[in-house]
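**Student:** Using the sequences plus the hints, can you model the full thing?
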Amino acid sequence: MDSRKYGVILCQSNIEQKVSKRTMNLIQIAWRNFCHRSLSSILTTLSLALGVGLVVLVLSIYGVINEAFTRNASVGYNLVVGPKGSPLQLTLNSVFYLSQPIENLPYTEYMEFLSEAERSEMVDRFGGDEELKQRGGRYAPFIGDGFVIPLALGDYFGEFRVVGTTPLFFEKLRHGPTLEQTFTFSSGRAFQDFSEEHSYFEAVVGSRVAKEMNVGVGDQFFPTHGDPTGHGHDLGFTIVGVMDPTGTPNDRAAFVNLEGFYLMDGHAKPIEETTADDSEKTPQGKLSPDLEPKVAKRDDYRLLSIPEREVTSLLVRTGNIMFAPSMQNAINEGIRSQAAAPVGEINKLMGLIVGPLKNAMLMITLITCVVAAVGILVSIYNSMNDRKRDIAVMRALGARRSTVTTIIIYESLLVATIGAIVGWILAHAGITAYSGTIEDQTGVQVGFFTTSGNEVWILPLVILLALIAALLPAWSAYRTDVGSNLSA
Amino acid sequence: MKVMLQITNLVKSFPQPEGGSIKVLDVPNLQVNEGEHVALIGQSGGGKTTLLHLIAGLLTPDEGSIQINGIELTKLSEQGRDRFRAGTIGYVFQTFNLLPAFTALENVRLGMTFGSGVAESERAIDLLERVGLGDRAHYRPRQLSVGQQQRVAIARAMAGKPRILLADEPTANVDPKSAETVLELIRETCAEEKVAILMVTHDLQIASQFERVDQLDEINQAVERSR
Numbered sequence: 012m013d014s015r016k017y018g019v020i021l022c023q024s025n026i027e028q029k030v031s032k033r034t035m036n037l038i039q040i041a042w043r044n045f046c047h048r049s050l051s052s053i054l055t056t057l058s059l060a061l062g063v064g065l066v067v068l069v070l071s072i073y074g075v076i077n078e079a080f081t082r083n084a085s086v087g088y089n090l091v092v093g094p095k096g097s098p099l100q101l102t103l104n105s106v107f108y109l110s111q112p113i114e115n116l117p118y119t120e121y122m123e124f125l126s127e128a129e130r131s132e133m134v135d136r137f138g139g140d141e142e143l144k145q146r147g148g149r150y151a152p153f154i155g156d157g158f159v160i161p162l163a164l165g166d167y168f169g170e171f172r173v174v175g176t177t178p179l180f181f182e183k184l185r186h187g188p189t190l191e192q193t194f195t196f197s198s199g200r201a202f203q204d205f206s207e208e209h210s211y212f213e214a215v216v217g218s219r220v221a222k223e224m225n226v227g228v229g230d231q232f233f234p235t236h237g238d239p240t241g242h243g244h245d246l247g248f249t250i251v252g253v254m255d256p257t258g259t260p261n262d263r264a265a266f267v268n269l270e271g272f273y274l275m276d277g278h279a280k281p282i283e284e285t286t287a288d289d290s291e292k293t294p295q296g297k298l299s300p301d302l303e304p305k306v307a308k309r310d311d312y313r314l315l316s317i318p319e320r321e322v323t324s325l326l327v328r329t330g331n332i333m334f335a336p337s338m339q340n341a342i343n344e345g346i347r348s349q350a351a352a353p354v355g356e357i358n359k360l361m362g363l364i365v366g367p368l369k370n371a372m373l374m375i376t377l378i379t380c381v382v383a384a385v386g387i388l389v390s391i392y393n394s395m396n397d398r399k400r401d402i403a404v405m406r407a408l409g410a411r412r413s414t415v416t417t418i419i420i421y422e423s424l425l426v427a428t429i430g431a432i433v434g435w436i437l438a439h440a441g442i443t444a445y446s447g448t449i450e451d452q453t454g455v456q457v458g459f460f461t462t463s464g465n466e467v468w469i470l471p472l473v474i475l476l477a478l479i480a481a482l483l484p485a486w487s488a489y490r491t492d493v494g495s496n497l498s499a
Numbered sequence: 767m768k769v770m771l772q773i774t775n776l777v778k779s780f781p782q783p784e785g786g787s788i789k790v791l792d793v794p795n796l797q798v799n800e801g802e803h804v805a806l807i808g809q810s811g812g813g814k815t816t817l818l819h820l821i822a823g824l825l826t827p828d829e830g831s832i833q834i835n836g837i838e839l840t841k842l843s844e845q846g847r848d849r850f851r852a853g854t855i856g857y858v859f860q861t862f863n864l865l866p867a868f869t870a871l872e873n874v875r876l877g878m879t880f881g882s883g884v885a886e887s888e889r890a891i892d893l894l895e896r897v898g899l900g901d902r903a904h905y906r907p908r909q910l911s912v913g914q915q916q917r918v919a920i921a922r923a924m925a926g927k928p929r930i931l932l933a934d935e936p937t938a939n940v941d942p943k944s945a946e947t948v949l950e951l952i953r954e955t956c957a958e959e960k961v962a963i964l965m966v967t968h969d970l971q972i973a974s975q976f977e978r979v980d981q982l983d984e985i986n987q988a989v990e991r992s993r
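Chains as they are written, first to last, in our numbering: chain Z, 12 to 499; chain L, 767 to 993.
The set of hints was computed from the structure by calculation and includes no laboratory data. Even glycine gets a Cβ: it sits at the ideal position worked out from N, Cα and C. Hints are not guaranteed to be accurate.
[Unchecked claim] Straight line, CA to CA, 20 Å or less: simulated SDA-like cross-link-like pairs of lysine to any residue:
no., chain 1, residue 1, chain 2, residue 2
1, L, K789, L, I837
2, L, K841, Z, R412
3, Z, K399, Z, N496
4, Z, K359, Z, F107
5, L, K768, L, N799
6, Z, K399, Z, G494
7, Z, K399, L, K789
8, L, K789, L, D828
9, Z, K399, L, P907
10, Z, K280, Z, N115
11, Z, K144, Z, S126
12, Z, K399, L, E844
13, Z, K183, Z, G87
14, L, K927, L, A867
15, L, K841, L, S831
16, Z, K144, Z, V134
17, L, K943, L, T861
18, Z, K399, L, A867
19, Z, K399, Z, L37
20, Z, K222, Z, S446
21, Z, K399, L, R908
22, L, K841, L, V777
23, L, K789, Z, S495
24, Z, K399, L, T861
25, Z, K222, Z, F107
26, L, K789, Z, G494
27, Z, K399, Z, Y489
[Said to hold, decoys possible] So the derived label-pair ranges between C-beta atoms look like this:
no., chain 1, residue 1, chain 2, residue 2, range
28, L, D969, Z, D492, 25 to 31 Å
29, Z, S413, L, G898, 33 to 39 Å
30, Z, D492, L, H968, 22 to 28 Å
31, L, E800, Z, V389, 48 to 54 Å
32, Z, D397, L, D941, 23 to 29 Å
**Tutor:** What follows is the structure, encoded as C-alpha cells:
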C-alpha cells in the first residue's frame with residue numbers, strides 16, 4: 012500500500028466523519044485546561060471582563076447622551092430662529108435651556124412669520140405701527156399649516172429657567188420617540204393667555220421643577236431676573252399645571268404666559284414714547300396695589316406695545332418640511348436673524364465635542380482591553396513551560412501539531428468569550444441598576460438589553476485580540492519537541 | 767504470520783553540543799509479528815526510548831526503513847505520521863504521563879479523541895473496568911496511586927484500538943507487586959484485542975515473562991563514536 016495514499020485516506024475518513032465531535036472535544040480539552048489553572052484563568056478573565064465592561068459603559072453612556080440630545084432636539088419643530096450669533100448657542104438656550112441667550116429679537120421679527128390678518132390683530136391688540144398691518148410676514152408663506160412659537164428667556168425659578176411663551180407651546184409641540192405624544196399634565200392644565208382668576212400670570216412647571224422646588228397647582232412663584240440669584244420680580248405666577256415627565260429639557264423649565272412675562276418689571280424694551288393713558292398705571296403695566304382686583308379684568312393691565320416687546324427666539328415648524336431649508340436660507344440671508352436646525356446643531360456638537368471625547372474614552376478602554384489581552388498572552392505563555400510535557404503526551408497520543416495549537420487558541424478564545432460576556436453583563440447590570448436615575452436625568456429609558464449599535468463589534472474585537480494574544484503561546488505549542496519533552 | 771513491525775537498517779544520530787553527532791541506533795533488522803509480545807532488553811542510555819520514538823513516528827530516522835502493518839512510516843509526512851500513530855500505535859510511558867487536568871476517564875477518552883476521532887465513553891469505561899479502575903473513573907491523576915496511574919495509562923494506550931503497543935519501561939516506577947499487575951494487564955488487554963507489544967526494559971525478570979525477548983545491545987550496531 013502506498014504510504015502517502017494511506018495518509019490521505021485516513022485523513023479524509025477521520026475528518027469527514029468525526030470532525031464535529033473532534034472539534035467539540037478540543038473545546039472540552041481547552042475548557043479543562045482553563046479549569047485546571049482556575050485562579051490564573053479567572054483573574055485573566057476578570058481583567059478582560061473589566062476592560063470589556065468599561066467599553067460597554069462608555070458606548071452606552073454615549074448612546075444615552077446621543078439619544079437624549081437628539082430626542083430633545085426634535086420636539087415637533089424644525090427650526091429655531093434667534094438673533095445672529097452662534098447657532099449652537101441658540102439651540103442650546105432655546106431647546107435645552109442651557110447657556111445664555113444671545114440677544115433678543117424685536118417682536119416685529121416674530122411678526123414676519125405671521126399672516127397679514129394675524130399681524131393686524133396684534134397691532135390692534137397691543138398697539139404699534141399701523142404699517143405692520145399692511146402686509147403679511149416675509150416668512151409667513153413658509154409657515155402654512157405649521158406654527159411659530161415665541162420664547163422669552165432670562166428669568167429663573169430657583170435654578171430652573173423660566174420660559175415665557177404662549178399656550179401654543181402646549182398645543183402644538185409633541186414629544187416621545189415618534190413625536191406623537193402631546194404634553195400631558197400630572198395635575199392641572201396648560202396656562203391660558205388670560206384668565207379671570209389669575210389674569211396674565213399663569214404658569215406651568217415641568218415635572219422635575221415641581222419635584223425639586225416642591226411646588227404644585229395653586230402655588231405661586233416669583234421669578235428672579237438674569238440668574239438664579241438675581242433680584243426677584245414683584246409679580247408672581249400661579250402654577251395651574253404640572254407636566255408629566257417627558258424626558259426632554261421641558262421637565263426642567265417653568266413656563267409662564269408671555270404676556271405676564273412682559274408685564275414684569277425690566278422686561279419692556281425702553282422706548283421714548285409713552286401714551287397718556289399709561290400714566291394711570293405703572294410703567295410696566297403693573298397694577299397699583301389699591302387697584303388690585305379679586306377678579307382680574309383684561310383692562311387692568313396695559314399690555315406692552317409691539318415696539319416694547321422682544322422675543323429671545325422662535326420655534327418654527329414649516330407647513331411643509333421641504334420648505335425648511337429654503338426658509339432657513341432666507342432667514343440667514345437677512346441681517347437680523349438666524350435660523351438653526353436643532354438636530355443638525357446637536358449632531359455638530361456631538362461630532363465636534365462629545366464624539367471625540369467618546370473616542371478618547373474608547374481608546375482608553377480599548378487599551379485596557381489590549382492590556383487584558385496581553386494578560387491572556389502572559390498567563391498562557393507562562394503556563395507553556397509546565398505544559399510542554401502535556402503537549403508532548405498529546406502529540407504521542409496522536410494529536411497533530413495543529414491540534415495542540417488549536418487547543419491553545421481555544422483556551423485564549425474561552426478567556427476572551429467568557430470575559431466579554433461577563434463584562435457585557437456587568438456593564439448592563441450596572442446600567443440597569445441606574446436606569447431609574449438615567450431616565451429621571453435624561454428621559455432616556457434603558458434596560459438590560461438596551462444596546463448601542465457598536466456593541467456588536469466588541470465580541471469580534473475581543474476575539475481578534477485573543478487570537479493575536481494566543482499566537483505566541485500557540486507557536487510555542489506548535490514547536491514543542493515531543494521526544495525531548497517525553498524523555499524529560 | 768503477518769508481520770506487524772519490520773525495521774530494516776535503521777540509523778539515528780543526535781547532534782552534539784560541541785559539534786558533530788553521535789550515532790545512538792543502528793538496527794539492521796527487527797521484526798514483530800501480529801499479536802506477538804516482544805520484550806527488548808537494554809541498558810540505560812542504550813537507545814531504547816529513541817527506538818520507540820522512531821517506531822511511533824515521533825522522531826525521524828537518518829536512514830533505514832520502518833514498516834508497520836505494511837505502511838512505510840519514513841515516507842509519511844509529519845501529519846501522516848501523527849494520523850498513523852493515532853490510529854495504529856498505543857504508547858505506554860515509563861512515567862505514565864497522565865494529563866493532570868483530566869480525570870482518569872477523560873485521559874482515556876483523550877486517547878480516543880486523537881485516535882479514532884470519537885471519544886466513546888462506553889469503551890473508555892470498559893477499558894477502565896478491565897484495568898480494575900471502573901470505580902476511579904472520575905478521579906484525577908493526583909488522587910490515584912502510581913500503580914493506578916499506570917493502569918489508566920494502559921487503558922489510554924488501548925483506547926485508540928492500536929495494532930501495536932509500545933511500552934517504555936512501564937514497570938520502572940511502580941513497586942514489584944504493582945509491576946506484576948501492570949505487566950499482566952498489558953499482556954491480557956493486548957491479547958484480547960490481538961495487539962502486538964514491543965516493550966523495552968532493563969529488567970530481565972520483567973522481560974522474561976514475554977514470549978520473545980531480544981537484547982537491544984545485540985540488535986543495535988551503533989557504537990559511540992563521533993563522525
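**Student:** Now, for every hint given, state plainly whether the structure supports it.
**Tutor:** Each hint, compared with the structure:
| no. | hint | result |
| --- | --- | --- |
| 1 | L:K789 with L:I837 | 25 Å, violated |
| 2 | L:K841 with Z:R412 | 18 Å, holds |
| 3 | Z:K399 with Z:N496 | 7 Å, holds |
| 4 | Z:K359 with Z:F107 | 15 Å, holds |
| 5 | L:K768 with L:N799 | 6 Å, holds |
| 6 | Z:K399 with Z:G494 | 11 Å, holds |
| 7 | Z:K399 with L:K789 | 26 Å, violated |
| 8 | L:K789 with L:D828 | 10 Å, holds |
| 9 | Z:K399 with L:P907 | 18 Å, holds |
| 10 | Z:K280 with Z:N115 | 10 Å, holds |
| 11 | Z:K144 with Z:S126 | 9 Å, holds |
| 12 | Z:K399 with L:E844 | 19 Å, holds |
| 13 | Z:K183 with Z:G87 | 8 Å, holds |
| 14 | L:K927 with L:A867 | 24 Å, violated |
| 15 | L:K841 with L:S831 | 9 Å, holds |
| 16 | Z:K144 with Z:V134 | 7 Å, holds |
| 17 | L:K943 with L:T861 | 17 Å, holds |
| 18 | Z:K399 with L:A867 | 14 Å, holds |
| 19 | Z:K399 with Z:L37 | 17 Å, holds |
| 20 | Z:K222 with Z:S446 | 19 Å, holds |
| 21 | Z:K399 with L:R908 | 18 Å, holds |
| 22 | L:K841 with L:V777 | 15 Å, holds |
| 23 | L:K789 with Z:S495 | 17 Å, holds |
| 24 | Z:K399 with L:T861 | 15 Å, holds |
| 25 | Z:K222 with Z:F107 | 19 Å, holds |
| 26 | L:K789 with Z:G494 | 16 Å, holds |
| 27 | Z:K399 with Z:Y489 | 10 Å, holds |
| 28 | L:D969 with Z:D492: 25 to 31 Å | 28 Å, holds |
| 29 | Z:S413 with L:G898: 33 to 39 Å | 36 Å, holds |
| 30 | Z:D492 with L:H968: 22 to 28 Å | 25 Å, holds |
| 31 | L:E800 with Z:V389: 48 to 54 Å | 50 Å, holds |
| 32 | Z:D397 with L:D941: 23 to 29 Å | 28 Å, holds |
This entry does not satisfy hints 1, 7 and 14, going by the numbered hints stated previously.
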